[in-house]
Amino acid sequence: MPPEDLISASRDPEAIATLISGLSAYGRLYGLPNSPEQVQGILSTLLRLYRPEQPAVLIEAMTHQVLDGLTPDDLKNAIVDRATSALAKAAHRWQQHLEHQAQGILAAYVQRYRPNLTPEDLRTIVTAVMPLLGEAMADQRPLTRSEALGLISQIVQTFDVSGAIAAAIDPAYLAIAETLATALAQRPMTEAVGETVTAYVKSHAPTLINIGADLIAAALSAVLKNQVDFNIDTQLSVIDENLLIEQVSFQLNILQQSPPPSKAAWAIADQVNTAVEQYRDHRASSVDVTAGLVSGDGLSISSPLTSTRQPGDRPAPDSSTLG
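Just so it is clear: in the sequence shown, position 20 is 20 by this note's numbering, and no numbers are missing.
Rather than coming from a laboratory, the hints here were simulated on the basis of the structure.
The structure displayed is predicted, hence computed values, not measured ones.
It is possible that part of the hints are untrue.
[Unchecked claim] Label pairs and their computed distance ranges (CB to CB):
(1) Q278 to D229: 16 to 24 Å
(2) D160 to L29: 19 to 27 Å
(3) P171 to W266: 41 to 49 Å
(4) A86 to D229: 50 to 58 Å
(5) D270 to A166: 50 to 58 Å
(6) H204 to P72: 45 to 53 Å
Just so you know, even glycine gets a beta-carbon here, dropped at the ideal spot from N, CA and C.
Modelling step: build the complete structure from the supplied sequences, incorporating the hints.
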């Protein structure tokens, strides 16, 4: 959506009034957090429930606009009716559901893998949990950026490591905790791939908005061939390609956080571009760097560039190659 259309669409008086009323109702029912990230996350959920057809970019623009102009009097004077109260209750239920799932996964992970977890590491681990929530949620709707950041902020603020160690764990969370451990073990490779994709976009596709699985997988293949340049342990094998692609996709597409590329990433971005161009030249159907095979939670999980697996397939535990 062009910027001028985005600005125009975000100035929807009816939706803005409903958002303010819904937030006022939410505050009266449950209280509002002090964190702007968490408040914008609530606004994002309210708008997504009120206008489910809205694209994520418009949700972000409108909630940011409302939060920027919001005053205590706006909330105090807002007219709260049955409809906006119901909207607030639905938003709270959804956020509580997400938080419950994330807290359960974290508690299982702490008990099994990190009983000495420090607060300094918590945000990184919580962020890695976010793409895994699709495995725990019955209603698999992709999170918006504001919802993800708000949820991360909320969990970092409230998660109790000592309480998690003593908590009873739902067995359903143990398998997801194992996946989380794998994701974190692969983090050096994940960071290198994210940097390489960012360098590729800046160098070769500056107008690209959606980062697809094809592109992430091509970057992963290039990084694997150049691990020494990234100071990655050459014994580190990519245990789960799909999982790594999910993590990078979440960081770049949902959080929209582009890591500053290293010198190695800039150099290897050219290799990625060459691989993409060669693939396009030798295949009748062109590679799509904006999309890939899609999992149930809306994240691209595999790529024809490097893999013939279908969604849901998992590589062998010790695999270091890309099918």
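Hints versus structure:
1. Q278 to D229: 16 to 24 Å: 21 Å, holds
2. D160 to L29: 19 to 27 Å: 24 Å, holds
3. P171 to W266: 41 to 49 Å: Holds - the Cβ-Cβ distance for P171 and W266, about 45 Å, lies within 41 to 49 Å.
4. A86 to D229: 50 to 58 Å: Between A86 and D229, where Cβ atoms are some 55 Å apart, the hint holds.
5. D270 to A166: 50 to 58 Å: At roughly 52 Å between Cβ atoms, A166 and D270 fall inside 50 to 58 Å, so the hint holds.
6. H204 to P72: 45 to 53 Å: 48 Å, holds
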